[in-house]
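Chains as they are written, first to last, in our numbering: chain A, 15 to 294; chain B, 15 to 294.
Any given hint might turn out to be false.
Intra- or inter-copy, both count: the list cannot distinguish identical chains.
[Stated by the list, open to error] Restricting the straight-line Cα-Cα distance to at most 25 Å, the calculated cross-link-like pairs of lysine to aspartate or glutamate (DMTMM-like) are:
| id | residue 1 | residue 2 |
| --- | --- | --- |
| 1 | K268 | D97 |
| 2 | K63 | D171 |
| 3 | K90 | E267 |
| 4 | K268 | D79 |
| 5 | K27 | E259 |
| 6 | K90 | D171 |
| 7 | K27 | D97 |
| 8 | K27 | D171 |
| 9 | K63 | E252 |
| 10 | K27 | D211 |
| 11 | K291 | E252 |
| 12 | K104 | E55 |
| 13 | K90 | E252 |
| 14 | K27 | D175 |
Calculated from the structure, these hints are not laboratory results.
This structure is a prediction, so every number in the text was calculated from the model and none was measured.
Protein chains: 2
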Amino acid sequence: MAIFGGIEAGGTKFVCGIGTGPDDLVTTRIPTTSPEATVAEAVAWIAEKSGRLSAVGIGSFGPVDLRSGYITSTPKAAWRNYDLAGAVGKGLGVPVRFDTDVNAAVLGEARWGAARGVSNCLYLTVGTGIGGGAIVGGQIVHGLTHPEMGHIRIPHDSIADPYGGGCPYHGDCLEGLASGPAIEARWGVPGGYLPRDHPAWVLEARYLALGIANLICTLSPERILIGGGVMRQSQLYEMVRSEVERILSRYVEKLPPIVTPGLGEFSGVLGALALAKQHA
Amino acid sequence: MAIFGGIEAGGTKFVCGIGTGPDDLVTTRIPTTSPEATVAEAVAWIAEKSGRLSAVGIGSFGPVDLRSGYITSTPKAAWRNYDLAGAVGKGLGVPVRFDTDVNAAVLGEARWGAARGVSNCLYLTVGTGIGGGAIVGGQIVHGLTHPEMGHIRIPHDSIADPYGGGCPYHGDCLEGLASGPAIEARWGVPGGYLPRDHPAWVLEARYLALGIANLICTLSPERILIGGGVMRQSQLYEMVRSEVERILSRYVEKLPPIVTPGLGEFSGVLGALALAKQHA
């Protein structure tokens, strides 16, 4: 039977997996150090565990160039203009499918997780940054480049919330206002130290809902999955749902369910595996 | 040879066409009155002109229910909950393909107009309202319902622009701030009476660019087409391009061309014809 490899290439760790799906998935974590050392370790682990490998998928932190498989203008200097897909493919001697981390995650969730059974869905992660991947008509959304949903602009009432936003490129875009670091910068402590009924979460739900309302108006997804560290504040789900309804109500009559991802921390690596299987 | 019918069903007129594409297209315009009278006239014209018809496509004003082919909650009371696809299909005795007006327009432009040759494109119309249709991976974007891109929220500086927005549902959404009626409400005269260097156009370009930046971050289109009455102010194209670049610059490295539609006033009816051809 064909065995596939998947790599979720993150800025702090690489999650590597082999198998054919969630039932036989075996994974390991490798800290992200230099490109050469990290890739060598990932390749060695996959090669050793898998025996015969059919293909490997990579869901990478970015920004990336999907056509070439390079990581491009990342602030992590050693990884800038690095041919990640090429290095992994050369190391393993198998075909590589390469995409963004969030595109891999939405594919994993569509294949095996909380977005099974729908052809149009959206995956958002809200953590150190905010990223999104979408599936439309059963296919991952790609275009001129890849989506950068975290950087959409939303209304920001600077009187109610004087924090200027933390995005180095756009200031108060969605990520600038609602990522984990934005919460910490605004309130002086990481979100995890704030009580569940702190006003921080009302504001957070408001910003996330404004962003999600825009994504609903643009993509009309059948289901929306939100993961990432900030969403460990599980009270946010219901707050975001009711705020999205308030923002769009009476106009968009059917609203998609907003739910947690089904694969937990394995959305990305399973999505990378699903990418590899698409090759075969 | 198979002949197809297309109807661009608008709130003020129905544009009906028969043919196989732009080269042999024959069209007529029918004022939108009651559903029964308008559809009867459209059906009679198409039946008389076409002889044997293979299928008919409809691009309709909305909101619509794509699954049933009904116009739903329109303010035009006589058209509310009207089975437009059913009435046309019954009248002509041929299969019907039904979609929104802007989805038909983007399909027409992708097939024969300014979006030929790309698999991912976006069509926006800026007039009485603002609407958008997108093609992703060669397919029209559909999901839970249809996109309502005109209703995305964008930053609105109420001190620089105290106009509260004209959308009856959302106030200062993109359509509320940047449609033709919003321009007229803000400045006291229709946009057509304002000089090309009036500050109205700086503000208009700013709002359109904020909306388009969000759509680029979400869909990553390879090309963007903007039509509609407001865009007769052709100076807006260059203003919108440079404003989009300013808003996204340094982050999204490749920006899509922003151009005029290639089929002029026939994007919609040709798109409806293309819908009919998809059936065949």
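- Message: Hint compliance check: list the failing hint numbers for this structure, sorted ascending.
- Response: Hints 2, 5, 6, 8, 9, 10, 11, 13 and 14 contradicted; others consistent.
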